[in-house]
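Residue numbers (the numbering used here), protein chains in the order written: chain U, 16 to 355; chain D, 16 to 355; chain F, 16 to 355; chain G, 16 to 355.
Accuracy of the hints is not assured; some may be wrong.
Heads up, the list lumps identical chains together, so a pair's fine if it works in one copy or across two of them.
To be verified - Below, in silico cross-link-like pairs of lysine to aspartate or glutamate (DMTMM-like), each with a Cα-Cα straight-line distance of 25 Å or less:
#1 Lys69 / Glu293
#2 Lys29 / Asp59
#3 Lys85 / Asp153
#4 Lys99 / Asp194
#5 Lys350 / Glu33
#6 Lys69 / Glu231
#7 Lys275 / Asp319
#8 Lys21 / Asp76
#9 Lys210 / Asp153
#10 Lys275 / Glu293
#11 Lys85 / Glu293
#12 Lys97 / Asp170
#13 Lys242 / Asp59
#14 Lys21 / Glu66
#15 Lys242 / Asp127
#16 Lys62 / Asp153
#17 Lys276 / Glu50
#18 Lys259 / Glu50
#19 Lys276 / Asp72
#20 Lys85 / Glu50
#21 Lys350 / Glu131
#22 Lys69 / Glu230
#23 Lys171 / Glu231
#24 Lys62 / Glu340
#25 Lys335 / Asp319
#26 Lys276 / Asp319
No lab work stands behind these hints: they were computed from the structure. Quick caveat, the model's predicted, so the values are computed rather than measured.
Number of protein chains: 4
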Amino acid sequence: MIIVFKPNATKQQKAHVENYLTAHGFDYHPSQGQEQAIYGIIGDTTKLTPEFFKVFDGVSDAFRVQESYKRCSRAFHPLNSKVKIGNTTIGGNEITVMAGPCSVESKKMLDDISKEIVTYGANVIRGGAFKPRSSPYDFQGLGEEGLIYLRETGDKYGIPVVSEIMAISDIPLFEKYIDVIQIGARNMQNFALLKELANVDKPILLKRGISATIEEWLNSAEYLASKGNQKIILCERGIRTFEKSTRFTLDLSSVPVIKKKSHLPIIVDPSHPMGQRELVIPMARAAIAAGADGIMVEVHNNPDEALSDGAQSLYPKQFKELMKEIKIIAGALGKTIAKN
Amino acid sequence: MIIVFKPNATKQQKAHVENYLTAHGFDYHPSQGQEQAIYGIIGDTTKLTPEFFKVFDGVSDAFRVQESYKRCSRAFHPLNSKVKIGNTTIGGNEITVMAGPCSVESKKMLDDISKEIVTYGANVIRGGAFKPRSSPYDFQGLGEEGLIYLRETGDKYGIPVVSEIMAISDIPLFEKYIDVIQIGARNMQNFALLKELANVDKPILLKRGISATIEEWLNSAEYLASKGNQKIILCERGIRTFEKSTRFTLDLSSVPVIKKKSHLPIIVDPSHPMGQRELVIPMARAAIAAGADGIMVEVHNNPDEALSDGAQSLYPKQFKELMKEIKIIAGALGKTIAKN
Amino acid sequence: MIIVFKPNATKQQKAHVENYLTAHGFDYHPSQGQEQAIYGIIGDTTKLTPEFFKVFDGVSDAFRVQESYKRCSRAFHPLNSKVKIGNTTIGGNEITVMAGPCSVESKKMLDDISKEIVTYGANVIRGGAFKPRSSPYDFQGLGEEGLIYLRETGDKYGIPVVSEIMAISDIPLFEKYIDVIQIGARNMQNFALLKELANVDKPILLKRGISATIEEWLNSAEYLASKGNQKIILCERGIRTFEKSTRFTLDLSSVPVIKKKSHLPIIVDPSHPMGQRELVIPMARAAIAAGADGIMVEVHNNPDEALSDGAQSLYPKQFKELMKEIKIIAGALGKTIAKN
Amino acid sequence: MIIVFKPNATKQQKAHVENYLTAHGFDYHPSQGQEQAIYGIIGDTTKLTPEFFKVFDGVSDAFRVQESYKRCSRAFHPLNSKVKIGNTTIGGNEITVMAGPCSVESKKMLDDISKEIVTYGANVIRGGAFKPRSSPYDFQGLGEEGLIYLRETGDKYGIPVVSEIMAISDIPLFEKYIDVIQIGARNMQNFALLKELANVDKPILLKRGISATIEEWLNSAEYLASKGNQKIILCERGIRTFEKSTRFTLDLSSVPVIKKKSHLPIIVDPSHPMGQRELVIPMARAAIAAGADGIMVEVHNNPDEALSDGAQSLYPKQFKELMKEIKIIAGALGKTIAKN
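Next comes chain U alone, as it looks inside the complex (with noise of 0.2 Å):
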């Protein structure tokens, strides 16, 4: 923590300050500019806010200077942490496509998506089976129904499953079903939750909120982080600004940002934020030319009848489409496609 004076600020004021560190036992090393005194604290200040010092008179203003999260900090662990899936690693040199619906509608269903999606090369089968819906009134998914169907499915091609929990009551489901548990963009901040998937021995896909910072995801990150569960990965799927030709807006510079703060690996949802297939196939391109170490894309064979989400999903042409042109792409920055 960095503490700047005010130009005038007089010695009773920085006196108040100092007596306040050296009672809470930080020391403090002071730094007289050519205008302005500036302290550097000395001492685990994690636990100091730089709002709680602003408002010492003769305080201008105060900084943070440690990042708040460690385990999941580059700084503190310089190379990249790799997290098995199957027989995908993800956050080495290999991409990772995860596909599926939107929602599990059916059995039916799943086993033709994924029949197709698993043939041209998707690593992972998505599905939503809790969903998460702004109106009460909409379909609020299948429950343990499209979690069984998920891992019937995920057996019979020899691929793992991933699908969205929403309730710590559900955990035992979910470690009975399910190959990767995804938390969502609404309960990244639900920390009730992440303390109990913390102690959860699988991975654990994180998706970014829609108005977290990138500081705050890697808070949440360490939650899971510093109780243990280090199979963690992150997930950029569109932050909320002023433009609305988009649900979302993807941000993907996202991705070289946690590359340089965190060693964890990183993968992107074009579907939710772009809303339109149209547009998610560029975007879907994009994630791996930023350096993405996947994607996660909806697909529906049938999406004019789907029962969320059908505009943004992909049919499975467009799907196979999208695998030879990233696997190109991927190929320019010296990546492979995982196989499946």
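On the provided structure of chain U, position chains D, F and G as indicated by the hints.
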């Protein structure tokens, strides 16, 4: 729902949409403009989304014309709904003031603060027992112990108490100890929690999510109302924007907008978004002037030693001063401060 | 400027930064924390940017500790600056009310409106002659004719007039006809225009850009102040956020923030951001309660026929009512409405 | 325009709207839904705004169904428009690369950088002569001298040059020296400047404003197109959001959205939003993968000594590497890099 076709949409393209609508039980009303055809869809369109139609060939745009929330809409319930808490009724002609520390730190500190704020006119005592914290290393609250102190202090002064809930499993504790259950901003779209609280017979204080539109906020309220809990109080607490000089941007315009769209009462929390006590006071006054039914402010008798958010907590004397000011402002709107 | 090194920064990496600083005439003050070294840079750092140092190897972060604006900063000018307009002084204990139509449409309409608002207490008549319009097909204003009508009407009622300038070439017209020159939100960073207006001897009303931070806003004011024009009035008029129910989000918290950071007076325009007259009134009241030095509101005697922004224009009777309310609210802050 | 009435709108309220429309020369088409009446308005509604109708009694909502831009709309001009610059054509199957220093600092530095980037394949040399700077104390550019150096360097290498204009009075200089005139983000809604440049016979590079919606951006392009200048190239350069780890959020989804809504070519500037060179490269690749017609990147041979934005400037060797990567990525989309 309204569907707007492109100027050059073909008969086949229109027929595709028409057939879809008919097959799914909707009627439609075509209207040919100078350049474009517009179809009004007739039927219960709450389950249709504009995005779904936007990807049909020949379609230029689609709009929802019906609000997706009904029980919380003023269109269907023109009169203000009122929520009784202790001796106060929120939603009528009275201003309700909720005050207290950010976190309950000990029984003594809660009592010391409560004694003063009750003297100055606070109607409800607030205090956090389970704290949502971005970092896992921050103080997480006293838990049940904090709720007990709240209950005891509320009883001592004959004043209701409000506290934030974070997990479904804590509902029995809140039912036992707390008068008004607060859903925090980070949980506004924790739908699992909303569904459970819909069945609880206590007033719910629903804070706006930091990136929630007013429509989403009312939809979350609808989760409560649709299952039967009508005792809902909304609370504006700032949204996330690009501006960095405050923690969040307090969107006071949500007050008159909510009053227009909904019959629910709304209060304002200026403490969290402003982050510094000298900025809290002007915005508390502004909230009342904008027409809010009340405010929720943090007060601490020793903010330098507060375990959380000390910088934004008012000194008791500032609170006393604020009460005087808002009394005059309430008068300008023909309102009074509720008695405690 | 403060430079924070990474925990594992090498001697060579530090030496690189040190050599750069020395070679460019800066001194520095190293401070070794528990994990990281922090350097305070001494000298005129206004031309250095944090981003420049962030890309040096071994550097973790860099912060500016000095504001880049000086003449507009309260740190260097603790007393409120006051701007005299007609009989009114903005920046002291008086509330100034600017009112009038969005666009000047004819001499008669301007006179009709002015007669009423002057009766109800308006201190300054506003009216657009050159209109910034998103679309080239919208009404662009009467031009010089509009300015002449403003001058004549102002003279008739003995009230100063304010209007928005859009081009450097129009400065002579504004110098001739207008008392307060308004720089609109879209031109807040039109630096060519700012540089020219810095040399004009008229008060400048500088609106905040719709995506301008408060720091950028004060830097734009500094363009005026650094060249000699100190008669600056800031005007908050809403920022762009994700919320769609209002045109812009009126950031009233900028009022106390500006009062803290700067000595310049600040008024609020609630008409443009709110877009609908029933929402304008509560926010006008809230602006005064937040501590603004005045408001600027649109009034039209026949808003159904207004050539621009009729929906947000108050009826004269609403304006009359508003004046009564803000008089009481100003009283709560120990202020009075300026006489006209 | 579509007007949606409230469920309980009265005959008188509807008649008021109907009379207004008829009196102003519009026809309308009523459509009675299950709960609400919807009126489609027929006629040239470009001068009507939804907000205007929203405040009529009995009206619940109003929507625009026609884009306010026509000449820039793909709906009316289905084929891509192409802009020829030197040997390159933007808007077809070729990728155009614009590169060079942020600011022209001297003739020698411009020549040194140009020699390298031309060797590696740059198609257009960029360089700032008039710099828009937030603070009046920052380096403001070499002015005309900089334009002359650009001209001389462009002629030497047989490559066109692009530079940003800031004032109408500089147009003759740009017509004399510069091949492509850039309108910067801060001037995207400087309508006075747009109107003048509409009459200039040079290609215009129109950058997106930092808080401009895509619709507003296309409306600004319409200012140029409506007066006759059809040689417009759009340039995405990031929007302002809450995320602080990058200077702006590069909204790459604007690329496919623009391709859908408009026939104009679009390039991407990843340098300004990313702010740090290591983040620029991934986003340059991503821009091509998203379907952009080109990129504009900053390159400096001695970024540590750059007078502006050195941190975001690529080293020439990085630029060389980037050219190789985007060649492969362009290939994945069936495109080639333009020859220089």
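Quick rundown of the hints versus the structure:
In this assembly of identical chains, Lys69 and Glu293 lie within 25 Å of each other by CA distance solely across copies; the values are 11 Å between and 48 Å within a copy. In this assembly of identical chains, Lys29 and Asp59 lie within 25 Å of each other by CA distance both inside one copy and across copies; the values are 21 Å within and 23 Å between. With identical chains, the CA atoms of Lys85 and Asp153 are at most 25 Å apart between copies only, with a shortest distance of 14 Å across copies and 40 Å within one. In this homomeric assembly, Lys99 and Asp194 come within 25 Å of each other (Cα to Cα) only inside a single copy, at 11 Å, whereas the closest approach across copies is 48 Å.
With identical chains, the CA atoms of Lys350 and Glu33 are never at most 25 Å apart, being 53 Å at best within one copy and 39 Å at best between copies. Taking the shortest Cα distances, Lys69 and Glu231 sit within 25 Å of each other both inside one copy (21 Å) and across copies (21 Å). Proximity of Lys275 and Asp319 under a CA criterion of 25 Å is satisfied inter-copy only: 21 Å between copies versus 41 Å inside one chain copy. Taking identical chains as interchangeable, the C-alpha atoms of Lys21 and Asp76 lie at most 25 Å apart whether they share a chain (8 Å) or sit on different chains (22 Å).
When the C-alpha separation of Lys210 and Asp153 is checked against a cutoff of 25 Å, the pair qualifies only between copies, where the shortest distance is 14 Å, while the shortest distance within a copy is 29 Å. For the homomeric pair Lys275 and Glu293, the shortest alpha-carbon distance between copies (9 Å) is at most 25 Å, but the shortest distance inside one copy (31 Å) is not. With identical chains, the CA atoms of Lys85 and Glu293 are at most 25 Å apart between copies only, with a shortest distance of 23 Å across copies and 40 Å within one. In this assembly of identical chains, the alpha carbons of Lys97 and Asp170 lie at most 25 Å apart only when taken from the same copy (23 Å versus 52 Å across copies).
When the C-alpha separation of Lys242 and Asp59 is checked against a cutoff of 25 Å, the pair qualifies only within one copy, where the shortest distance is 20 Å, while the shortest distance between copies is 46 Å. Taking the shortest alpha-carbon separations for Lys21 and Glu66, both the intra-copy value of 15 Å and the inter-copy value of 23 Å come in at or below 25 Å. Proximity of Lys242 to Asp127 under the C-alpha cut-off of 25 Å is found in neither arrangement, the shortest distances being 39 Å within a copy and 36 Å between copies. For the homomeric pair Lys62 and Asp153, the shortest alpha-carbon distance between copies (6 Å) is at most 25 Å, but the shortest distance inside one copy (42 Å) is not.
In the homo-oligomer, the alpha carbons of Lys276 and Glu50 lie at most 25 Å apart only across protomers (17 Å), although the nearest pairing inside one protomer, at 33 Å, exceeds that limit. Taking the closest pair of Cα atoms, Lys259 and Glu50 come within 25 Å of each other only across two copies (24 Å); inside a single copy the shortest separation is 45 Å, beyond that limit. Only between protomers do Lys276 and Asp72 lie at most 25 Å apart by alpha-carbon distance; the minimum there is 14 Å, versus 34 Å within a single protomer. Proximity of Lys85 to Glu50 under the C-alpha cut-off of 25 Å is restricted to the inter-copy arrangement: shortest distance 12 Å between copies versus 34 Å within a copy.
Taking identical chains as interchangeable, the C-alpha atoms of Lys350 and Glu131 lie at most 25 Å apart only when both belong to the same chain, with a minimum of 24 Å there against 28 Å between chains. Both within a single protomer and between protomers do Lys69 and Glu230 lie at most 25 Å apart by alpha-carbon distance, with minima of 21 Å and 17 Å respectively. Proximity of Lys171 to Glu231 under the C-alpha cut-off of 25 Å is found in neither arrangement, the shortest distances being 38 Å within a copy and 39 Å between copies. Neither within a single protomer nor between protomers do Lys62 and Glu340 lie at most 25 Å apart by alpha-carbon distance, with minima of 47 Å and 35 Å respectively.
In this assembly of identical chains, the alpha carbons of Lys335 and Asp319 lie at most 25 Å apart only when taken from the same copy (19 Å versus 46 Å across copies). For the homomeric pair Lys276 and Asp319, the shortest alpha-carbon distance between copies (23 Å) is at most 25 Å, but the shortest distance inside one copy (41 Å) is not.
Hint compliance for this structure: hints 5, 15, 23, 24 are broken, all remaining hints hold.
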